[in-house]
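> Sequence order for the protein chains is W, E and S.
Quick note on numbering: the first sequence equals residues 181 to 361 in the working numbering.
Quick note on numbering: the second sequence equals residues 17 to 688 in the working numbering.
Quick note on numbering: the third sequence equals residues 767 to 1005 in the working numbering.
Quick caveat, the hints were computed from the structure, so don't treat them as lab data.
Just so you know, not all the hints are guaranteed correct.
[Stated by the list, open to error] Straight-line alpha carbon distances no greater than 27 angstroms define the calculated DSSO-like cross-link-like pairs of lysine-lysine that follow:
1) E/K155 <-> E/K283
2) E/K86 <-> S/K948
3) E/K283 <-> E/K298
4) S/K948 <-> E/K100
Here is how the chains run, residue by residue.
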Amino acid sequence: MAKPKVATTSLAGCFGCHMSILDIDDRILKLIELVDFDKSPVNDIKKFTGRCLVGLIEGGCCNEENVRVLQDFRAHCDILISVGDCAIMGGIPAMRNTIPLKECLDEAYLNGPTVYNPTKTIPNDEEIPLLLNRVYPAHEVVTIDYFLPGCPPPADTIWEALTALLSGKPLTLPYQLIKYD
Amino acid sequence: MRRRGTIGRRFFVPTRIDDAAGSSYNRESFHDPARRPHAAARERVTERVPRAAASFAASAYGMRHCMNKKLQAVIQGICARCGKDRTRMMDIVRETQAALGCVSSDAMDLIARETGTHRVEVESVVSFYAFLSSAPKGKVVIRLCNDVVDKMQGMERVAKAFEDALGIAFGQTTPDGAITIEYAPCIGMSDQAPAALVNDVVVTSLSSDAAREIVAALKEHGDPSRLVRQLGDGNNGHPLVRAMVRNNIRARGPVIFADMEPGAALKGALAMTPQEVIRDVKTARLRGRGGAGFPTGMKWEFTRQAPGARRFVLCNADEGEPGTFKDRVMLTECPDLLFEGMTVAGYAIGADTGIMYLRAEYAYLAPFLEDVLAQRRAKHLLGPAILGKQGFNFDIRIQMGAGAYICGEETALISSCEGLRGDPKNRPPFPAQKGYLGFPTVVNNVETFCCAARILAKGPGWFAEMGSKGSAGTKLLSVSGDCRSPGVYEVPFGVTLADFLAMAGAEDAAAVQIGGPSGQMVGRNDFGRTICYDDLATGGSVIVFGPNRDVLGVALEFLEFFIDESCGYCTPCRVGNVLLRERLHAIIAGRGEPADLEYLQKLGETIKTASRCGLGQTSANPVLATLKNFRSEYEKRVKARGDGLQPSFDLRAAVADAEAITGRPSVHAANP
Amino acid sequence: MNDRFAFTIDGVEVQGRPGQTIMQAADEAGIYIPRLCSHKELAPHGSCRVCTVLVNGRPQTACTQPAGPGIIVENSSEALLAIRCNLIEMLFIEGNHFCMFCEKSGNCELQALAYRFGIMAPKYPYLFPTRELDASHPDIFIDRNRCILCGRCVRASRDLDGKNVFQFVGRGPRKRIAVNAKTALADTDAARADKAVSACPVGAILRKRVGYGIPIGQRMYDAAPIGSDIEAARAHPHK
Chain W
181 MAKPKVATTS
191 LAGCFGCHMS
201 ILDIDDRILK
211 LIELVDFDKS
221 PVNDIKKFTG
231 RCLVGLIEGG
241 CCNEENVRVL
251 QDFRAHCDIL
261 ISVGDCAIMG
271 GIPAMRNTIP
281 LKECLDEAYL
291 NGPTVYNPTK
301 TIPNDEEIPL
311 LLNRVYPAHE
321 VVTIDYFLPG
331 CPPPADTIWE
341 ALTALLSGKP
351 LTLPYQLIKY
361 D
Chain E
17 MRRRGTIGRR
27 FFVPTRIDDA
37 AGSSYNRESF
47 HDPARRPHAA
57 ARERVTERVP
67 RAAASFAASA
77 YGMRHCMNKK
87 LQAVIQGICA
97 RCGKDRTRMM
107 DIVRETQAAL
117 GCVSSDAMDL
127 IARETGTHRV
137 EVESVVSFYA
147 FLSSAPKGKV
157 VIRLCNDVVD
167 KMQGMERVAK
177 AFEDALGIAF
187 GQTTPDGAIT
197 IEYAPCIGMS
207 DQAPAALVND
217 VVVTSLSSDA
227 AREIVAALKE
237 HGDPSRLVRQ
247 LGDGNNGHPL
257 VRAMVRNNIR
267 ARGPVIFADM
277 EPGAALKGAL
287 AMTPQEVIRD
297 VKTARLRGRG
307 GAGFPTGMKW
317 EFTRQAPGAR
327 RFVLCNADEG
337 EPGTFKDRVM
347 LTECPDLLFE
357 GMTVAGYAIG
367 ADTGIMYLRA
377 EYAYLAPFLE
387 DVLAQRRAKH
397 LLGPAILGKQ
407 GFNFDIRIQM
417 GAGAYICGEE
427 TALISSCEGL
437 RGDPKNRPPF
447 PAQKGYLGFP
457 TVVNNVETFC
467 CAARILAKGP
477 GWFAEMGSKG
487 SAGTKLLSVS
497 GDCRSPGVYE
507 VPFGVTLADF
517 LAMAGAEDAA
527 AVQIGGPSGQ
537 MVGRNDFGRT
547 ICYDDLATGG
557 SVIVFGPNRD
567 VLGVALEFLE
577 FFIDESCGYC
587 TPCRVGNVLL
597 RERLHAIIAG
607 RGEPADLEYL
617 QKLGETIKTA
627 SRCGLGQTSA
637 NPVLATLKNF
647 RSEYEKRVKA
657 RGDGLQPSFD
667 LRAAVADAEA
677 ITGRPSVHAA
687 NP
Chain S
767 MNDRFAFTID
777 GVEVQGRPGQ
787 TIMQAADEAG
797 IYIPRLCSHK
807 ELAPHGSCRV
817 CTVLVNGRPQ
827 TACTQPAGPG
837 IIVENSSEAL
847 LAIRCNLIEM
857 LFIEGNHFCM
867 FCEKSGNCEL
877 QALAYRFGIM
887 APKYPYLFPT
897 RELDASHPDI
907 FIDRNRCILC
917 GRCVRASRDL
927 DGKNVFQFVG
937 RGPRKRIAVN
947 AKTALADTDA
957 ARADKAVSAC
967 PVGAILRKRV
977 GYGIPIGQRM
987 YDAAPIGSDI
997 EAARAHPHK
């Protein structure tokens, strides 16, 4: 029987949650025995090759590209897991959510004290995905099945969750593994 | 060293940790946005003198010298008239608002100083009530009622006419400071909607033409009282009222709308002991008319028995439930009956003071009511030794409200009378044990006092024979909406809704809101039910909706009302109703899914169970009742998607800002 | 004592004394009733509603409701736990709670309750309100993004510090904590040592120059859930 497949992505995140995935250390060898990785920055597979059992989502949606990728994950994965605070509540990127988008861009590209931008241009290439008016938690864009909070979630949390799901056991984390920081 | 401080308007997004002020990482600089120059640039920054110099003494010194002498004189005068008594804060801030057009930050400081309280306590009160403001308003404030019934009767066209004629939007003041327009929740004129308050003057049955005429007249003479051309019926034409308001009394019953010689009830009461009076009220099986239906005699007995150096009788004339206006008609047509009921209650419980809490929207009735009180004093129906009864001294004063629906909740009403924010109080202790200023207090509705007076005049048996088994007597119903004869009806308890709707000319009603937004909305299946405490209970509001009305739209309007009027004290009411609104709005906008129904149900039940006062506990009713009685209206608007995408997420709206800024369209929103 | 009386919480008989609230009696009996706005040194407020219990079938807040002989209190039914979860989630989405960089994280009572209830993500949409921050005072700052309107600072400042630095202003969703000054906290007599500061259950009022004082792992709620101290009294009743 083919091994179940896992896909991962980092949307509006810092890749810290992916670092935490790698932090499971030598257990990654065991994980490779249990699953194949499909689309993921870990193996640099850019497009889904087939249906996946689990999709791990790091980061919320700050632009329309994030939305497209997240919807693609929803379409290809049986189970989606929001990994980390950014996917769950927007995280650090969501600190802009109380400030209008125009003000954010002006601060970042024109008015910020460290900005050097003699032509006073705000990048606007068609390759650049349009920003959303605010950063959206993943579950406000698509249905999410499980949530692993933390910034990042500890490697043990990710390991516990993945192994529980792969073995069909209910996901119940011990108190010490539920952390929002 | 000068210290720099700031009040950040909003979250500051740090872009880097080290900053120009100090290159080394410093814990405090990380916490204190003011220390980052880029933060200082974008946020309002207050330069501060060293802390010692900013001490109270120094700022008070500065205040004395800088503050407008006139302001000081006005505030000192107002506070002196109110005995510098902080429990009279409502009167102080109302008078300040009237005299100065706002209760400014400087005024708050002065009021706090004059009354020996803290300025933040004054700010707390001013910021609570809709009729008070810290920012200046126009000399004339037009408050257009934006209640559901007013909207059904064309209020939006009227609003547009006001905006166009004045060149400003709602919430704004004309540049010359003459006129402010704003919205107000139900002002108690639903039977003659659309209606508005122009300062204290009521204008009813408005059209867009009327709105333009009002603006033209105000621009010409600025005098709201001259807007009243045709006087209403009954005491609306009294020289001290002079209102264009109509009573619209459609059915007169024997309890409220019958003649009574002033003093008749008191004579009956004073011939008995207070305990016998309470016994009569109990025998009559009188229950509170405000909606909750607590047995009045029992309430009076608890209050009488509670230990306390003084006792108080409070009349709840803060009729704020949308669609209710029967108290307004009683205040206009039978104030003697009401005051007599309060006096009887005073005798029964052993009180020497009664307070009538009159909603700010009915301020136009205050001079008339004061005059009625004066006449009663002259007739020895109020004051010392009433009707010659030695030892029974009782007088009534009117406490004006300032625009807060929550003050119709009895403990919030007490808070407001005490000069506080209109926050409800924790129970226990109940008002009967510890009410106004901590003394045992009876709080009853206008109609309850009127019933009590009639019981003492006509006898408990006479009263108890009317109505239904658990609901003795008659009930006043205020009817508005899609019916031919809106107005006030006095009907015996136990009438079926269908019979009543026929009386009001509402045979084709599709939905009826019984008891206002906090009551329930019922459909045709329930029209055979009876109006009484044990079935369709109501404080008096009956709003009729015809077949073409959108009941979910109505529920959304009611939620907006509760969100605006929540005191914000407890979590479920403050947050939960916002969440109900968001989801209901999404459903109405076609972005709902079947699971939303259970979401709304559970959220509504949490609000109902966990909220602290009656407002919160009933605030989810617009949703819970429509989920129960009009479920198909929800079901036909939600659709299952099956693709795992959240229907509530609106990509087109989410990219709209960026599309406008970049000038290029979203590639994704076009092909979702 | 003779004036003690018995009542039950979830079927367990506990002793109460006249004048005690249900919460106080439960605490003594080693039964934890979750709470946020309640504070041992302060008068009950009854605003967060997290301590909602059923008393003879009626919802009441345990922090305000007096204990009484023979009353039947329900504290941990599924329905009540669901309501408490909902209330805690409401407080999270109502404000801007960025736990990942909050100095209070690990010692925050709101966060600790969410941990205790095993909340992985709120079911409600985040509201992301715009809230004011006041860093004007040399020793204290107010970050209203984190304020849950529990009123502990109001009561502590008034009743313990004797100062009245804080009070609520506005109503409904616009309700917020204000300070007793025309402009900002620096113009009040608030001081670093005020109980009003330490009474804040979240990171809304904090002392400056403290930061992340306690290492992760050793913070108040890192190892054991909030309420464990109260429940320990039941496990070891002789202590």
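> Next step is simple, just say for each hint if it's right about the structure.
Hint-by-hint comparison with the structure:
Pair hint E/K155 plus E/K283 does not hold up; C-alpha atoms about 47 angstroms apart against a cutoff of 27 angstroms. Straight-line distance between C-alpha atoms of E/K86 and S/K948 comes to about 20 angstroms, which keeps the hinted pair within the 27 angstroms bound. Taken as a hint, the E/K283 and E/K298 pair is honoured in the structure, with Cα atoms around 19 angstroms apart against an allowance of 27 angstroms. Proposed proximity of S/K948 and E/K100 is supported: the alpha carbons are some 21 angstroms apart, at most 27 angstroms.
Violated hint: 1 only; the structure is consistent with all others.
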